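In case you want the letters, here they are:
Number of protein chains: 2
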Amino acid sequence: MAYHAPVSDIAFTMRHVAGFDRAVEDGLYGDLSVDLAETILEEAGRFAADVIAPLNREGDKYGVTLVDGIITTAPGWKEAYTAWTEAGWNALPGPVDFGGQGLPTLLNSACVEMWNSASMAFGIGPILTMGAIEALVAHGTDDLRARYLEKLVSGTWTATMNLTEPQAGSDLAAIRSRAEPVGDGTYRIRGQKIFITYGEHDLTDNIVHLVLARLPDAPAGTRGISLFLVPKFLPDGARNDLRCAGIEHKLGIHGSPTCTMVFGDHEGAIGWLLGEENRGLNCMFTMMNNARLAVGLQGVAIAERAYQQALAYAKERRQGRAPGAAGDGTSPIVDYPDVQRNLLTMKALTAASRAICYMTAAAIDRAHREPGEASRRRAQERASLLTPVAKAFSTDVGVEVASIGVQVHGGMGYVEETGAAQHLRDARIAPIYEGTNGIQAIDLVMRKLPLSGGDTVRAQIAAMRTTVTRLMKEGTPLFGNTAPRLRDAVESLDRATGHLLKLVLANVPTEALAGATPYLRLFALAQGGAALADAALAANRMMGEGDSDPAQGSRIALCRFFAENIAVGARGLEDQILSGAGFVQDAAVALAR
Amino acid sequence: MAYHAPVSDIAFTMRHVAGFDRAVEDGLYGDLSVDLAETILEEAGRFAADVIAPLNREGDKYGVTLVDGIITTAPGWKEAYTAWTEAGWNALPGPVDFGGQGLPTLLNSACVEMWNSASMAFGIGPILTMGAIEALVAHGTDDLRARYLEKLVSGTWTATMNLTEPQAGSDLAAIRSRAEPVGDGTYRIRGQKIFITYGEHDLTDNIVHLVLARLPDAPAGTRGISLFLVPKFLPDGARNDLRCAGIEHKLGIHGSPTCTMVFGDHEGAIGWLLGEENRGLNCMFTMMNNARLAVGLQGVAIAERAYQQALAYAKERRQGRAPGAAGDGTSPIVDYPDVQRNLLTMKALTAASRAICYMTAAAIDRAHREPGEASRRRAQERASLLTPVAKAFSTDVGVEVASIGVQVHGGMGYVEETGAAQHLRDARIAPIYEGTNGIQAIDLVMRKLPLSGGDTVRAQIAAMRTTVTRLMKEGTPLFGNTAPRLRDAVESLDRATGHLLKLVLANVPTEALAGATPYLRLFALAQGGAALADAALAANRMMGEGDSDPAQGSRIALCRFFAENIAVGARGLEDQILSGAGFVQDAAVALAR
Numbered sequence: 113m114a115y116h117a118p119v120s121d122i123a124f125t126m127r128h129v130a131g132f133d134r135a136v137e138d139g140l141y142g143d144l145s146v147d148l149a150e151t152i153l154e155e156a157g158r159f160a161a162d163v164i165a166p167l168n169r170e171g172d173k174y175g176v177t178l179v180d181g182i183i184t185t186a187p188g189w190k191e192a193y194t195a196w197t198e199a200g201w202n203a204l205p206g207p208v209d210f211g212g213q214g215l216p217t218l219l220n221s222a223c224v225e226m227w228n229s230a231s232m233a234f235g236i237g238p239i240l241t242m243g244a245i246e247a248l249v250a251h252g253t254d255d256l257r258a259r260y261l262e263k264l265v266s267g268t269w270t271a272t273m274n275l276t277e278p279q280a281g282s283d284l285a286a287i288r289s290r291a292e293p294v295g296d297g298t299y300r301i302r303g304q305k306i307f308i309t310y311g312e313h314d315l316t317d318n319i320v321h322l323v324l325a326r327l328p329d330a331p332a333g334t335r336g337i338s339l340f341l342v343p344k345f346l347p348d349g350a351r352n353d354l355r356c357a358g359i360e361h362k363l364g365i366h367g368s369p370t371c372t373m374v375f376g377d378h379e380g381a382i383g384w385l386l387g388e389e390n391r392g393l394n395c396m397f398t399m400m401n402n403a404r405l406a407v408g409l410q411g412v413a414i415a416e417r418a419y420q421q422a423l424a425y426a427k428e429r430r431q432g433r434a435p436g437a438a439g440d441g442t443s444p445i446v447d448y449p450d451v452q453r454n455l456l457t458m459k460a461l462t463a464a465s466r467a468i469c470y471m472t473a474a475a476i477d478r479a480h481r482e483p484g485e486a487s488r489r490r491a492q493e494r495a496s497l498l499t500p501v502a503k504a505f506s507t508d509v510g511v512e513v514a515s516i517g518v519q520v521h522g523g524m525g526y527v528e529e530t531g532a533a534q535h536l537r538d539a540r541i542a543p544i545y546e547g548t549n550g551i552q553a554i555d556l557v558m559r560k561l562p563l564s565g566g567d568t569v570r571a572q573i574a575a576m577r578t579t580v581t582r583l584m585k586e587g588t589p590l591f592g593n594t595a596p597r598l599r600d601a602v603e604s605l606d607r608a609t610g611h612l613l614k615l616v617l618a619n620v621p622t623e624a625l626a627g628a629t630p631y632l633r634l635f636a637l638a639q640g641g642a643a644l645a646d647a648a649l650a651a652n653r654m655m656g657e658g659d660s661d662p663a664q665g666s667r668i669a670l671c672r673f674f675a676e677n678i679a680v681g682a683r684g685l686e687d688q689i690l691s692g693a694g695f696v697q698d699a700a701v702a703l704a705r
Numbered sequence: 113m114a115y116h117a118p119v120s121d122i123a124f125t126m127r128h129v130a131g132f133d134r135a136v137e138d139g140l141y142g143d144l145s146v147d148l149a150e151t152i153l154e155e156a157g158r159f160a161a162d163v164i165a166p167l168n169r170e171g172d173k174y175g176v177t178l179v180d181g182i183i184t185t186a187p188g189w190k191e192a193y194t195a196w197t198e199a200g201w202n203a204l205p206g207p208v209d210f211g212g213q214g215l216p217t218l219l220n221s222a223c224v225e226m227w228n229s230a231s232m233a234f235g236i237g238p239i240l241t242m243g244a245i246e247a248l249v250a251h252g253t254d255d256l257r258a259r260y261l262e263k264l265v266s267g268t269w270t271a272t273m274n275l276t277e278p279q280a281g282s283d284l285a286a287i288r289s290r291a292e293p294v295g296d297g298t299y300r301i302r303g304q305k306i307f308i309t310y311g312e313h314d315l316t317d318n319i320v321h322l323v324l325a326r327l328p329d330a331p332a333g334t335r336g337i338s339l340f341l342v343p344k345f346l347p348d349g350a351r352n353d354l355r356c357a358g359i360e361h362k363l364g365i366h367g368s369p370t371c372t373m374v375f376g377d378h379e380g381a382i383g384w385l386l387g388e389e390n391r392g393l394n395c396m397f398t399m400m401n402n403a404r405l406a407v408g409l410q411g412v413a414i415a416e417r418a419y420q421q422a423l424a425y426a427k428e429r430r431q432g433r434a435p436g437a438a439g440d441g442t443s444p445i446v447d448y449p450d451v452q453r454n455l456l457t458m459k460a461l462t463a464a465s466r467a468i469c470y471m472t473a474a475a476i477d478r479a480h481r482e483p484g485e486a487s488r489r490r491a492q493e494r495a496s497l498l499t500p501v502a503k504a505f506s507t508d509v510g511v512e513v514a515s516i517g518v519q520v521h522g523g524m525g526y527v528e529e530t531g532a533a534q535h536l537r538d539a540r541i542a543p544i545y546e547g548t549n550g551i552q553a554i555d556l557v558m559r560k561l562p563l564s565g566g567d568t569v570r571a572q573i574a575a576m577r578t579t580v581t582r583l584m585k586e587g588t589p590l591f592g593n594t595a596p597r598l599r600d601a602v603e604s605l606d607r608a609t610g611h612l613l614k615l616v617l618a619n620v621p622t623e624a625l626a627g628a629t630p631y632l633r634l635f636a637l638a639q640g641g642a643a644l645a646d647a648a649l650a651a652n653r654m655m656g657e658g659d660s661d662p663a664q665g666s667r668i669a670l671c672r673f674f675a676e677n678i679a680v681g682a683r684g685l686e687d688q689i690l691s692g693a694g695f696v697q698d699a700a701v702a703l704a705r
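Line order of the protein sequences matches chains A and B. Here the numbering used here = 1-based position in the first sequence + 112. Here the numbering used here = 1-based position in the second sequence + 112.
Please note: incorrect hints may appear among the correct ones.
Stated by the list, open to error - Short, incomplete list of chain A residues facing chain B, as computed with Cβ under 10 Å:
id, residue
1, R433
2, K459
3, P621
4, V701
What the hints assert, rightly or not - In silico lysine-lysine, DSBU-like type, Cα no more than 35 Å apart, as pairs:
id, chain 1, residue 1, chain 2, residue 2
5, A, K614, A, K585
6, B, K190, B, K263
7, B, K427, A, K585
8, B, K614, B, K585
9, B, K190, A, K173
10, B, K173, B, K263
11, B, K173, A, K173
12, B, K173, B, K190
13, A, K173, A, K263
14, A, K190, A, K263
15, A, K173, A, K190
16, A, K614, B, K585
17, B, K173, A, K190
18, B, K585, B, K173
19, A, K427, B, K614
20, A, K614, B, K427
21, A, K585, A, K173
Simulated from the structure, these hints should not be mistaken for lab results. Keep in mind it's a predicted model, so treat the numbers as computed, not measured. Virtual Cβ for every residue (Gly too), placed ideally from N, Cα, C.
Can you build the whole structure from these sequences, using the hints too?
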């Protein structure tokens, strides 16, 4: 199935929901204009569709092979990766001083979506490299930056994150890998890491591993973990003492190697400290917002791809006669109300998750680029608040939409050749990696709601209310029940927020933790609905100004569908948070066997 | 991962929700006593756990091979199937006159659940054989019954349903396979069928295909389709003119061969008419309730298996320290509120879907066994009403629960060795085959709500209200908000039912069709909640009578969790049906691209 980059929807969301134009006007994006950004999006969309998308099925079929520690990726992957870096796509958000183009996270996010729509297994590699670049920029010594940044920015080399160990998954405090100072500024690293994405591959000549390990005298727990840069090949060209000891046979993203990495079989792998000793987790957290957002974008990406495939199938596949069909022939199944509901659900969830991700990206940009410190701090908190929602909601949407996509295909959806099933298999990793969605929900409730004593989340809810107020004032019947439905969702969110904030600030965590996942969903329904309403209001204004593009009417219809058919779940979620969650711990007696 | 048959939960649901004891008291089940039924369940559970469950992973890994038209199943499958039939399990519900044990559908349903928990790919084969037995009993000539029933009842031979053709999936009117009368009572069948489960295999010496085809003079559409019995080997031992031309590479149930069948390469396959000419679809419909219920049971089954696996993992896997944990060590993740919420959701959905399926089975039994014709007819309508809910809700639950199961495993869930991912892959077919869940929802709204002018559904809702009233009168605080939450769900269902009935009776189908899927879910939330409440009320009564089994308290806790955390979605579904659905057709403009 071909992929068509939805550039106009992407650009519209960037501009009219995430505030791209405002950021340009505010002078935050330097020379970048709206026109130039749209040109870049067009180019990226072409590359994604023409070069990467055709590899997706191959990657799934061939997977990767591991022979004598050497991994070979699927046919065509190395060439595509090389072409992609040579076209400058890896360097798009990178620092200008090291060959990057210094373009905004918002613009790069739109590109990340397209790379991952084309192929999630391809797209996850650069996400890790971009995260490592950030860590190096923020925490690397001048020497390390000089030695590694340029190659990483260009994509000549890739990078990995080595966090997980068999006993240390969500709980990084349990990390056991060790690092011993040699005395010359280097460290000897020993340990085993699992689930290391692109830990070994044949796309580039070198791989730069970022590895969490403990110094000999480190305190126990998370405050005794340091971050090290450990290259596959050392600066003198010698092979470092590390190897890929195995790869996982996974449900999906077969094209992406998931490696068990062994450091220090012999004398110990040589590494360099990144940031301060015992502050490794803080170094990780500085790049966490971006990496989590990027995984959220994978959810958007796979949802978009699954939607496109299901829609194309529904337009082609004919069965029976739809109600009210004209003429004698059979109807494409897209004419059936139940199929329409499925496809609209797919599209609306995809659009809402895209909007939330792009808003998060815009907040990250402002956190870095606002001239005033107070504005930067506010934007940073907004980004922190939205990041877990962007990650968890979007990746849940990826799975839900891909699953509906299988359903729309009927029996053909269950047959691997069709490709619909691959999207579901691929999508299923995103709610797990880069912090499970349960961890995201807990992060949102326990750490993000209390930001600035709750002012950050209250400001976000106030912005949603502003959108609802604008909707209320709209005279056109096109919006139907959009305004009251979204108002109800925002008010549910407001009440649930107050309830959880009280519990968290009073340090009564259990009930708040039990309500965290429904709360994140509720937040996303209200925020997603408000974001689609922002888009719809802009579309309505343009129509009033004579814009005859039918896409504008579609935006209003999609917003209304979301409000009337999806956001209506808000009340039930509020009930779960306000009353159901308090019983979860006691109900756990039912888990005895 | 081992499977433990949840015999006590199964027996409790049969007895205290589905009315097994009442049916025994009413004399509907002959000599069968509660004790004997429980003994049979124990035996079935042991067989499923000890003999079938160990094959499940092998079946997934090896799949089946097709060489020169001959299919070989995975190692151990043939032996297990033979042992299973020799133990008499295939004959359990079969007619006594042909070697069957004539046991109730309700008891067999519990067994079907267990076979499919052990292995869905194994369990689907007998479901088809049992369906064919029903068709033969109802529509076969004495000759055909004499020739085939005994072997099918014992499981010495298996049977298939040959419905689907490339252009005829949900729309059977488009069937093109042809049947020509020879003049000697046989017919020559020609055509191609796809997605034929166990269309070819090495488990038995013969396979009996039931094939839908058109006679030469048949009218177009569904009223021109006839049903034929077409054996792989003819009574004289000659090979019939039919073959397996290919097998599908599927997302899951790899152990089950899904075949393309070609009839009539040469002189035409020899077949015999089942039922009347051009009435083939009616013949199919007589066995539809049972087959759809059986697929619903597959949903229950895979949900149960996924839940058991996730629970075992959550008790073993340790990460960090849970809130309020005593002592110094790490906590099993089952002690974390978010994980508890996940596991309780899995268990509650599984229990609710089991209850609905067993209630459906009990209604089918009464439709066949009630002495009075009016009672039989009422039971038949109740079975007809509940069947699409049992099929669609339970299979959706299968997918949802299996997906949560992957999530509970974290990264390990995405690795195929763990087995959690297989459950998700296997589960995904059940919402598709035997009538997609969209078709089930449409069947529920368009054909089942109007039964007896709406009296059938109104009686069902009245029974739910009776349960709510009993809950209201319960003094114990154990139930928390169970009663008001379930009352709200039942009242939402009542309003939505009235709304849809009005549309359907007024022949305004489009809006009703758009609301069908949310309506089916709403029905299941109210019915599932009421069923769990029936179980909880029985448990509470037993506790009051001195029963100290902790399982009784668990049943109340699970019911309360369902009401407070799952049934609360009812209001949002009602909103979708009453207001959102009316806009779906207009919103379809958003699907243009």
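Closer than 10 Å between Cβ atoms is the bar; does V701(A) clear it against chain B? Give me holds or violated. holds, 5 Å
Within a Cα-Cα threshold of 35 Å, do K173(B) and K190(B) meet the stated pairing? Answer holds: K173(B) to K190(B) is near 16 Å, not above 35 Å.
Has the given pair, K614(A) with K585(B), been kept, meaning a C-alpha gap of at most 35 Å? With Cα atoms ~34 Å apart, K614(A) and K585(B) stay inside 35 Å; holds.
Given the proposed pairing of K427(A) with K614(B), does the C-alpha separation stay at or below 35 Å? Holds. K427(A) to K614(B) sits at ~31 Å (cutoff 35 Å).
Holds or violated: K173(A) to K190(A), with C-alpha atoms at most 35 Å apart: holds, 16 Å
Has the given pair, K614(A) with K585(A), been kept, meaning a C-alpha gap of at most 35 Å? holds, 33 Å
Does K173(B) pair with K190(A) here, judged by a C-alpha cut-off of 35 Å? Measuring from Cα to Cα gives roughly 30 Å; hence the hint holds.
Would you check the hint for K190(B) and K263(B), treating anything up to 35 Å between C-alpha atoms as holding? OK: K190(B) and K263(B) at ~17 Å, within 35 Å.
Checking one constraint from the list: CA of K173(A) to CA of K263(A), max 35 Å. Satisfied? Distance ~31 Å between K173(A) and K263(A) Cα, so the pair holds.
Holds or violated: K173(B) with K263(B), Cα cutoff 35 Å? holds, 31 Å
Is K190(B) close enough to K173(A), meaning Cα to Cα at most 35 Å? Satisfied, since the Cα-Cα distance of roughly 30 Å is no more than 35 Å.
Within 35 Å, alpha carbon to alpha carbon, are K427(B) and K585(A)? Violated, at about 54 Å.
Hints 7, 18 and 21 from the list above are not met by this structure, while the remaining hints are.
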